[in-house]
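Colleague: Which chain is which? The protein sequence lines are X and Z, in order.
Just so you know, we're using this note's numbering here: the first sequence kicks off at 491 and counts up by one.
Just so you know, we're using this note's numbering here: the second sequence kicks off at 491 and counts up by one.
Just so you know, the hints here were simulated from the structure itself, not pulled from any lab data.
Hints are supplied without guarantee of correctness; some may be wrong.
[As the list claims (entries may be wrong)] Not everything, but these chain Z residues come out facing chain X in the computed CB check (under 8 Å):
1) W655
2) F669
3) L679
4) A681
5) A718
6) T750
7) S751
8) E755
9) T819
10) Q833
11) S837
12) A841
13) L842
No residue lacks a Cβ here, since even glycine has one placed at the ideal position from N, Cα and C.
Protein chains: 2
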Amino acid sequence: MVTGWPDRRLIDLFGIEAPILLAPMAGAGGVELAVAAMAGGALGSLPCAMLTPEQVREQVAAVRGRSQAPLNLNFFCHKPAPAPAQSRWLAALEPYYREYGVGLPAEPPPLRAPFSDAMCAIVEETRPELVSFHFGLPDAPLLDRVRASAAKIIASATTVAEARWLDARGVDAVIAQGFEAGGHAGRFLPADPAAQMGLFALLPQIVDAVAVPVIAAGGIADARGVTAAFALGAAGVQIGTAYLHCPESLIGPGHRAALTSEDAERTVFTNLISGGFARGVPNRLIEELGPVSPDAPPFPHATAALAELRKAAEARGRTDFTPLWSGQTARLARPIGAREFTQRLISEALALLTQRASAPILAP
Amino acid sequence: MVTGWPDRRLIDLFGIEAPILLAPMAGAGGVELAVAAMAGGALGSLPCAMLTPEQVREQVAAVRGRSQAPLNLNFFCHKPAPAPAQSRWLAALEPYYREYGVGLPAEPPPLRAPFSDAMCAIVEETRPELVSFHFGLPDAPLLDRVRASAAKIIASATTVAEARWLDARGVDAVIAQGFEAGGHAGRFLPADPAAQMGLFALLPQIVDAVAVPVIAAGGIADARGVTAAFALGAAGVQIGTAYLHCPESLIGPGHRAALTSEDAERTVFTNLISGGFARGVPNRLIEELGPVSPDAPPFPHATAALAELRKAAEARGRTDFTPLWSGQTARLARPIGAREFTQRLISEALALLTQRASAPILAP
């Protein structure tokens, strides 16, 4: 196979066909999306932050039954705050509870959980080729066990300082997550959210700061973006939002419609959905309360009080409380199958990356 | 001269050597910076928003006496709000007034002024090859006079909608100003500041939306950035922050030091300095009041109440109230002369843009 990738480090390191990673998207990705992206030539990822260990085991088995390609398991590494008093948050939601005739869920729903001993045992058992972490890294004993499993380890950085921190702890590659990325920003060291960097600025500064290969994430949805990321020094790219459009993603019809609407041009960071900062298309809650509220409890606790509201609204076909996660480039992508999207992306990127091989240098 | 620019539209349209524009930076740019950048091969710009018509005439004459290259004059097009009641703003500043023993200036200082009949007469007289506008466009009668002067007209867009608006009014090129850009965001149509797009996302969406060439701005400070901008569809780039480092810029030593400090990795949008949203390194005022305050009067009125504070602090060698405008890539650039910087940038960018002409396509 002819290839023109200008940087082969990730291809060799991960044993993959092309340096394109399907972003792990908790709640939106899964077996079907991973298998289709892998069939197209991308590195498949399973988002595990909202799964039980048993579900992870089942999903890995399902993927392995359909693909021999390398697989990435993604985990969160936040340190969950104890469940806080929510009186101000409940007061803010009270008008919606009245409108929909619901309240707090009888049983608290499962929240995004951090990487644990039980999950680590699943990694040791299922032997994914890659493990990626969001919100930092697990403590050294767990990290050492993951490394001993032979998995390559990668993690997200939203600042140059975070990239240096990860590099110093021996990750195999750093994901430079630009401010454009949809879903949760992976920030884990103290930093002003107002100072987040766009990928154009963040990527070359991280490339200059670390020794390991850098994977660009946030704002990349087509072959132009892949080519630009390589120009800025990336060794590969991680793509999320573009894959949300694919029929294999698990998002509902309201979320799907939002991604192609004009509203997708004005995504914002909000803390209303989970308590953590995450980018999405504004839903009714965000429009009415503003994207950021001091009343929302810290990550991941804001979710619980919204669970019944979301369910009731979605039953009426509404996205009033549904997370409409999206990066800033939703409108660059279209709803085609993940396999076809990946194949096209790779062939178009290779064409762009090598087209100058045949273009003459002009003398005016 | 051999050139490998992949897109020659701006070179031909503006009659320039290379599709690199020196960003007009009110208060920081001027004759020396413009002449040096032009000598290196960039399109020179004079920021005119804080000048009198007579000063513009003098500066154009000074540039013309030293360079035959095309010149861009930049103007603001805001609709100034009437001077508002400032009691809350003055109350917020009161502790600083006490500390420095100053108050409101005896005479209100000159504020950033919009393009006017008098300025238009200077354009007609001095015949710049380009006129660029920030915060939209002037009303049709003035715009028609500028067009009749034979100047090419360009203007900034911070959203896809603004780019379409400018394209529909017949600009010759659109500047896609990414969220990474230092100084004032050129937003002029109603839009949530929280929804600003990074250049990686904004640029290709604007390229897809308009017929005219697009100039990428914000986050570009080296040859990698130039190359990436072209990959995303730009026909040229506008560079500001990197030129601030040059000895020809008019910024003071405190601002200069801030650009190379670690603080330059955490620039923020603030409305404290002018009332409008602009990106810079946090000074003491921003650190203490937070970057955005509802008490700051609207653009451009916040400046007046800070004038004496700034003067008094700078006299003590401090930047407590000094605008430390900077984009997110200050740390990618170094303090070298603007001519040398431009020459290096052009030759390095051309090398990157054409290097693949000699790279073989590998079969693994």
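Colleague: Please go over all the hints and tell whether each is borne out by the structure.
Modeller: How the hints compare with the structure:
1. Interface restraint check: Z:W655 against chain X, minimum CB-CB distance 14 Å, threshold 8 Å, status violated.
2. Taking 8 Å as the C-beta contact cut-off toward chain X, the hint placing Z:F669 at the interface holds, the least distance being around 5 Å.
3. With 8 Å as the threshold, the beta carbon of Z:L679 stays out of range of chain X, its nearest partner Cβ sitting at about 12 Å, so the hint is violated.
4. A cut of 8 Å between beta carbons decides the hint on Z:A681: the least distance to chain X is about 7 Å, and the hint holds.
5. The beta carbon of Z:A718 is positioned within 8 Å of a beta carbon in chain X (closest approach about 4 Å), and the interface hint is therefore held.
6. For Z:T750, the interface hint is violated, the least distance from its beta-carbon to any beta-carbon of chain X being 13 Å, above 8 Å.
7. Look at Z:S751: its Cβ only gets to about 13 Å from chain X, farther than 8 Å, so that hint breaks.
8. Restraint check, Z:E755 versus chain X: the minimum CB separation of about 6 Å is within 8 Å; hint holds.
9. The restraint placing Z:T819 at the interface with chain X holds, with a minimum CB-CB distance near 5 Å, inside the 8 Å limit.
10. Interface restraint check for Z:Q833: the shortest CB-CB distance to chain X comes to about 18 Å, outside 8 Å, so the restraint is violated.
11. Of the supplied interface hints, the one on Z:S837 is violated, with its beta-carbon coming no nearer than about 13 Å to a beta-carbon of chain X, more than 8 Å.
12. For Z:A841, the interface hint is violated, since its Cβ never comes within 8 Å of a Cβ in chain X; the closest pair sits about 11 Å apart.
13. Restraint check, Z:L842 versus chain X: the minimum CB separation of about 7 Å is within 8 Å; hint holds.
When held up to the earlier numbered hints, the structure conflicts with 1, 3, 6, 7, 10, 11, 12 and fits the remainder.
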